[in-house]
Amino acid sequence: MAEAHAVHGHAGPHDAPPELRHHFVDLPAQREASALGMWVFLVTEVLFFGGMFTAYAIYRAIYRTAFEEASNLLDIKLGAFNTAVLIMSSLTMALAVWASSQGKKNLIILFLILTILLGGAFLGVKVIEYKQKFDHHEVPGPHFAPLNEKTHQPLPPQSELFFSLYFCMTGLHALHMIIGIGLLTWLILKARRGVFTPRYNTPVDMVGLYWHFVDIVWIFLFPLLYLLGRHTL
Amino acid sequence: MSSYAPDETPRVAERPNYLNAGYGPKSWLLTIDHKRIAILYLSGVTFFFAIGGLYAAAIRLELVTPAGEVFQAETYNKLFTTHGVMMVFFFMIPGIPGVLGNFLIPLMIGAKDVAFPRLNLLSWYLYIVGGLIALWATVHGGVDTGWTFYTPYSTVYSNGWVVVTAVGVFIAGFSSILTGLNFLVTIHTMRAPGMGWSRMPLFCWSMYATAIIQILGTPIIAITLLLVAAERLFHLGVFDPAQGGDPVLFQHLFWFYSHPAVYIMVLPALGVISELVTAFARKPIYGYKFIAASSVAIATLSFLVWGHHMFVSGQSVYAGLVFSILSFMVGVPSAIKVFNWTATLYKGSVSYQTPLLYALGFIGLFTFGGLTGLFLAALGLDIHVHDTYFIVAHFHYIMVGGTIMAYLGGLHYWWPKISGKLYPEYWSRVSAWVIFIGFNLTFFPQFIVGYLGMPRRYHAYPDEFQVLNVLSTAGASILGIGYVIPLVYFAWSMRYGKDAADNPWGATGLEWETPSPPPTENFPVTPTVTGRPYDYLTGREEAAVG
Amino acid sequence: MSGENRRGAHGDPHAHSSGIGAYLGVFAALMILTALTVWAAFQHLGVWNTPVALGVAVTKALLVAWIFMHLRGSPKLTIFVVSASILWLAFLILITASDYLTRSWLPIYAS
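Chains as they are written, first to last, in the numbering used here: chain A, 11 to 243; chain B, 25 to 570; chain C, 2 to 112.
Simulated from the structure, these hints should not be mistaken for laboratory data. One or more of the hints may lead you astray.
[Said to hold, decoys possible] Below are the DSS-like pairs computed for lysine-lysine, each with C-alpha atoms no more than 30 Å apart in a straight line:
id	chain 1	residue 1	chain 2	residue 2
1	A	K200	A	K87
2	B	K50	A	K200
3	A	K136	A	K160
4	A	K115	A	K200
5	B	K371	B	K313
6	B	K313	C	K77
So that you can see chain A by itself, here it is in the shape it has in the complex:
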């Protein structure tokens, strides 16, 4: 049975820090809830991308050679470059989180800007890649007519499945990058106002988790989409 003790669950209204929301006992409780919330959200993202990974896994198993041939049409240099760019952006993001835990405003902004630039570079390369696909008739639909680069023979029809999944998976990933860049911009605006202190840097930490997750998705996309057929060359 509950007895209503006069437990002072939270500080009085005059000394509550401005970042503390009214329904939390204290900042550590708020941070714990925020972190759990973001991780649970990332869990949903794992499953969200996971549905497409499932489709990819099944079709790749069934149409192995068609998928390998189609995969070799992707530009491995651009793909590897993008992988390196994203890894670098994860480093700068981790450094931004570190800087925010120290309250070093200028460093926070610097690292956030670097992260945005690297993310932008990634997206720029993706635009180039997509345009290449368009030009080479590798986009699924009525104009789909890809040719093997070495033999100049048309690819088997199931290669269209590969490219459908390629565009869906990298497209969804790119959308997440764009959202991430938006979040980073929002963080810069907050950082400029001096919001982040050693006591409170939760938003930077949470966006960091999101950004690293998007990096992890690419860590899997790159070998599965770009590398799987190279050994046949």
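Starting from the structure of chain A, add chains B and C where the hints point.
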């Protein structure tokens, strides 16, 4: 220790509470109070339930005569599709979590609100926007694919508003995900001091298990619907056999969510029943740990059985065997709950008020529907009854005879807390009986016609099934009336009902320690929990106290 | 008990599980592993091409999660939650695959 006699102290003046804390549309549409958001959900789900109900009426109207005379076949396809989409995605899935979950969870655990109140409001907006988008599609011609959107019909051949409807469902799916996220974090991090996991009300355990399913399952239908939309818009052939795609893969992805989804629809109801049974037997619930564990077991096992929807799809027989065995197993935790409720009622001080009437109706009908689920888990039997009215009756027994009765039972039980008013007991009992009779008359004949071979989703049927169909439609009319009566008297009670005491049932639980209706901040001082849950005195203890 | 809304119930959220040195180390490891996986893709490893590629990807992901995402200092609940997502994805992929893999066991199906 006090005994729990019903509190009948009359209330004098209007105390500040969450209902009079602010007036006007902005105070409601921009609220972050979980109790107001619950009322917003109540409005939304009632609206979409009415729409789904209208389409059900249209279906039953068509099925009065064997020849399809009222609607064309293509129109009929749109009727059952819209009925399914509206009921599943915009009533059942958001229903109990949105209304009762939102209202009660913070109160039950002694918190001031959920973990992310603004996200909670966003959830409601996503739900409404998704629903309105789906409604737009309905009004402009609708979809005829069935709520299951099977490919390649939905992706290539259908002429309906598939993409728009899919977008509406997708957005509502995010509402569901965020609600689950909110509840999971709330239950993990915001319980009052002293409320360990084994002191938490069983409704919260059910909502926790529901949240697990919402979080792990809903993203899959989200991506699947996106792929369907992409395939339709951009001719990507992920599920198109012409490109080597496999329609059965769509079914795997669809049912991976949609089977656990039925547990999103039923687990909260199971939690409500646990609360009702213990309150109206005035006895600590029997087997608390088993009931709590069974909720989590259902959440986990529910993800491993989806293939039982695909026994006739071309799925491997060996996979079917495994799905069949697991589907038998998933019935066990539900049965455990039924046994524990029965044991709770046994030798309890039972008072047959309206919430308990609904709970008893639930126990009978849910058990019945669940047992027919075992028939369907048997691979060989399912081949015979798949896509017949046997299936339709099975899931309506659980969803309508089960969940909707639990929803109504919970609404009645907590109405004094939510509104500060009492509903009229006489009319509430009348409607409970009307609903029970109407329900059984509607759906029991469907088991029979289904077993005899009448297929589902057809607007015409052989003459020999007419009598049973007419009975079913008659039942549906009665059921419809039964649903309207509470609408009327709940609204009436807001204005003319007697004021409710803080604990009119004499029940245990932190929510009954607050005023009816509660103040915005729930608890001026965070309570500390020291005793076991459902701490009703046994008969001997009461006699000793005197 | 953790999870309760009570003052002092929560650990120091700023306990640094990793310093800058760890970040730079992980960065270097990730770049090396990327180069490795690209190189390995061109080798003729037979059935081992895919497992090697996936193994490298999993290693990289674990490094990012453990160090960059501070899983190293995180409560056990967080690690449990993350593991659940992987497990559930495994259910989806493996059980769906079991359908496709066993379809041909009955001779009436074309493979």
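So, going through the hints one by one against the coordinates:
1. About 37 Å separates the Cα atoms of K200 of chain A and K87 of chain A, which puts this hinted pair outside 30 Å; it is violated.
2. Pair hint K50 of chain B plus K200 of chain A holds up; C-alpha atoms about 27 Å apart against a cutoff of 30 Å.
3. A threshold of 30 Å between alpha carbons decides the hint, and for K136 of chain A with K160 of chain A the separation of about 24 Å falls inside it, so the pair holds.
4. Between K115 of chain A and K200 of chain A, the direct Cα distance comes to roughly 10 Å. Compliance with the 30 Å bound is thereby established for this hinted pair.
5. At roughly 20 Å between alpha-carbon atoms, K371 of chain B and K313 of chain B fall within 30 Å of each other, so this suggested pair holds.
6. Taking the CA atoms of K313 of chain B and K77 of chain C, the gap is about 23 Å. The hint holds against a cut of 30 Å.
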